[in-house]
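Participant: Residue numbers (the working numbering), protein chains in the order written: chain A, 1 to 465; chain B, 466 to 779.
If you're looking for bench data, these hints aren't it; they were derived computationally from the structure.
There may be inaccurate statements among the hints.
So these bits of chain A aren't anywhere near chain B, every CB distance computed over 12 Å [as the list claims (entries may be wrong)]:
(1) R9
(2) M251
(3) R383
Here are some, though not all, of the chain A residues that point toward chain B, as calculated from beta-carbon distances under 7 Å [what the hints assert, rightly or not]:
(4) V217
(5) N219
(6) S226
(7) A229
(8) D230
(9) D241
(10) D247
(11) E248
(12) R252
(13) T253
(14) L257
No experiment lies behind these values; they were computed from the predicted model shown.
For each residue, glycine too, the CB sits at the ideal point set by N, CA and C.
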Amino acid sequence: MNGSDGCIRPAYQELARWLQETPAEALEYRRQEAELLFRRIGITFAVYGDAAAQERLIPFDVIPRILAAREWSLLEKGLKQRVRALNMFLRDIYHGRDILRAGIVPEDLIFQNPVFRPEMNGQHVPHDVYVHIAGIDVVRVNPENFFVLEDNARTPSGVSYMLENREIMMRLFPDLFARLRIAPVERYPDELLAALCSVAPKSAAAEPTVALMTPGVYNSAYYEHSFLADKLGVELVEGRDLIVKNDEVFMRTTEGLKRVDVIYRRVDDDFLDPLTFRPDSALGVPGLMSAYAAGNVTLANAVGTGIADDKAIYSYMPEVVKFYLAEEPILKNVPTWRCREVADLSYVLDHLHELVVKEVHGSGGYGMLIGPAATKAAIEAFRDRLKHGPEGFIAQPTLALSTCPTCTAAGLAPRHVDLRPFVLTGSKDVTVVPGGLTRVALKEGSLVVNSSQGGGTKDTWILDE
Amino acid sequence: MLSRTAENLYWLARYVERAEYLARTIDATLRVTALPATYIGKTNEWDSALLTAGVSTSFYRLYDEANEHNVVEYLSFAPQNPSSIRNCIEAARLNSRSVRTALTGEMWDTINGAWIELQEVWSKGAGTREALAKFLRFVQETSLRFDGSAYRTMLRNDAYWFSRLGVHLERADNTARILDVKYHVLLPEEEHVGGPLDFYQWSSILRSVSALTAYHWVYRETLKPWLIADLLILNDTLPRSLASCYSNLVRNLDQIGVAYGRQGPAQRHARGIRNRLEHLNMNDIFQHGVHEFIQEFLADNFRLGEIIAKQYLT
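So that you can see chain B by itself, here it is in the shape it has in the complex:
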């Protein structure tokens, strides 16, 4: 297939995944900031939301203060924020238009339909809390529909695999980012300074990657920070964990390699990261330092994106 088509499919999937993650982040932040101050301590959760979205620097060029109004506006609608939900959806639609022929009708319909619906939200803004909640839900549903229609309707060929690469690379990046911002509340008990207040922080992390219920199914325990870290980093059964993202990345890259009859640096690099995740346990990670581990992972993940681009997309 055309390199440009593969590139469009890959970024299309990334944009949709990112839009969903932003919607979840805002959702989870709204929940935790609605609690009385004594439950969440002094941290500014809206600052954390900006950090997990990776747009803190550009935000403070426009605003002096991170509060609900400013951050929701910036993450959801701001045209100046290249990663706002609005820009993600706009970019996803533009990419879809460029690769109409590689998308199934259902996928196009999802993106185009969402884009049409959201034109109204863009022009009016989400004035009330209720309208905002509806908007966030709509964005998440759009992502689910898009993913579902890709899964159910696409031919299992390179077009599908490149779009999956986009999903999993973006997802790994998002999960790693939230861990990066919140790692300090996930330290083992003895090193930890927060105390029971952190319960709400923990549930908020899980909620933003839709893993709160999963946690209870996997561990059948009350929320414990190191188990949360274990779930999000190493547990292969949780679709948003780093381990699971890398199982998928390796599989999709292998499928491409088999179809094209040759492997390259992308396959090798992805396999390297996956192997490392497979052989680590949480003790190693804590000893190494969670923060350092996550930083390295983010850099590795970013590097994989570059290698894929060089090998296939240009």
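This is chain A alone, in the form it adopts within the complex:
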């Protein structure tokens, strides 16, 4: 909230004034009210491996995270640039592979990568869009600079929190919304539907049928799937609702079979089609990949996008942006040591206590080492893992993440935040709704914002000054 000079940043001034006027009990009362609303609506998520808490609420912090319109417009440009590059990279990897021949990304990182999908080689996808929905995790390190922490190009989640957090904030703090000019986020479902319809296959009807595919009620993001299907006005389907006939996909309805043209799928590649991928998958649709190969159905996101959000590829993103767009990347990468390279590995092994080490294929904050917060024993255990399989890891410095005031047991206190804006790509353009999901590390000093590791969320306000 404060600038580097220690003063309150202009974007936060009105909020700071409001906080001063508002007694602590009133804030606490609204905090409780928010929790009750969330539970009633049923916005819950499941934590895998935690039987006692099958359905938990992600803690919601009522103090919003604020960005000035100026900061946002820079970020927005950077996000669009990055997602354009991601799509061009994917098109290239599954077709001409110019970038490999140019020696910018090492071949083995692609071809030996389990998320690379040979099935996609030479496969055409409508309008060359692979990543229709991207969630790019960024942190603000100073007024001019955002760093990208991670690109999520597979099935990024969290957008329902962006929308519901805003609804709840508008109910709880109508006076703040009257005082401040906050950019609305409610157009997201409309823009998403437009993007999905724009990439329908040629064989689709004039008004394509879109469906949202979920693994089912037991999936941790199920609430979001049903929420989005509702907002989009499309059917929420499971694998068992779909059937493939003559390379076309149909859903079973009370009136017989109905063709589906675009599937916004929230099921991982591995589980899409038991005939092509995991034969034990009960979530998928036998034959889906052959309908896809025949060009009769569009999957959003495309199959094989994991190769673009792989943490090992991440470190090459600045070069990837330059290669395809011939522009300087607007968003910076966090400096990254690739443990597969000998010099980098030896640096990392010498500086484990000050670095964050991540598994290349991990996600959700699992299996990482946060050097400054780790015990000696944990560091030594990690050192062993690194020596045995260095190519499975990257390392980054701990960043001075920006903080945001947050309700804690001891009153308001600064906590680290990151931001996941959602970037949509359709046949014509790339759009970003002004806002995103702000995640907050609720433990003092913690840098881990993942909901599976005790992180919370906040509403994100883009403010006209």
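Based on the hints, put chain B in the right spot on chain A.
Facilitator: Below, chain B alone, put in the same frame as chain A:
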């Protein structure tokens, strides 16, 4: 709409209706068993409650004796009983979650809210009579709220009609079951062996289908067993009568048929049952045998469920 969505809506409605019926059955049984023994004779009312719920066999696998404690526990809370009130509410919530997009906010709120409230009852159990009464009342109110919000907030399209099919099919099944268990106290006077003791049995039957007041409005008479049977089987104005359930089933199936532009075996089968109910009178039924009649009805009703499932839900 997706077949799975229709199936979920249909079963959701059935579970809620069943939970309410179980609550009413327990309620009515508690009342009649609280009477001095001379008023109710020697029948074990808790056994009857198990029979009307259709879970007698599974109950005796777990317990040796049907008494208030065991039966209330089994019908209300037992996780091993697939039709316990608890399992009905759990299943209703799971179904609601699966079809969130087809439910109105009010319907979701009712089920989800009830589920949240009842978590506490599940963990503590209903220790006292007072707590039990409160719990039973809550279950009935939840069903009323759910039904009311469906009626007041749902679009009148196939989603609504499939959910109504579930309500009426389940309701017909429940009413028929209680008649099946109690038919022997409903025989005409001359064949009847019980005598005035049965007054309390009769009022208990009516209470479990919330028709005690209705009886007096319709017949303006003291309780007479054949009139009770008439009310529950043939009187179209009583929402829980078999005749009324079938008027509704036929209407909802017709609405679906019109919307989809075609009819099928479900429409024909339902109409067949409805026509039979329309042309029967109580004399025919008594001559045919009440028990036989009810048995046939239960089988027909079950068959309709199967036909609907085949025609629309798979």
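Participant: Taking the closest Cβ pair, is A:E248 under 7 Å from chain B?
Facilitator: Nearest chain B Cβ about 17 Å off; hint violated.
Participant: Next item in the hint list is A:A229. Is there a CB on chain B closer than 7 Å to its CB?
Facilitator: holds (5 Å)
Participant: Is it the case that A:R383 keeps its Cβ farther than 12 Å from each residue Cβ in chain B?
Facilitator: holds (45 Å)
Participant: Tell me if A:S226 is really an interface residue toward chain B, meaning its C-beta lies closer than 7 Å to one of theirs.
Facilitator: holds (4 Å)
Participant: Is the interface hint satisfied for A:L257? The criterion is a beta-carbon contact with chain B at less than 7 Å.
Facilitator: violated (10 Å)
Participant: With a cut-off of 7 Å, does the beta carbon of A:N219 approach a beta carbon of chain B closely enough for the hint to hold?
Facilitator: violated (11 Å)
Participant: Please verify that hint: A:D230, Cβ, nearest Cβ of chain B, below 7 Å or not.
Facilitator: OK, holds: A:D230 within 7 Å of chain B, min 4 Å.
Participant: Hey, does A:M251 actually stay past 12 Å from chain B on C-beta?
Facilitator: violated (6 Å)
Participant: Is it correct that the beta-carbon of A:R9 has no partner in chain B closer than or equal to 12 Å?
Facilitator: Consistent with the label, A:R9 stays out of reach of chain B, its closest Cβ about 38 Å off (over 12 Å).
Participant: Let me know if the C-beta of A:V217 comes in closer than 7 Å to any C-beta of chain B, holds or violated.
Facilitator: holds (5 Å)
Participant: Was the hint right that A:D247 lines chain B, CB cutoff 7 Å?
Facilitator: violated (22 Å)
Participant: Please verify that hint: A:D241, Cβ, nearest Cβ of chain B, below 7 Å or not.
Facilitator: Holds. Min distance 5 Å.
This entry does not satisfy hints 2, 5, 10, 11 and 14, going by the numbered hints stated previously.
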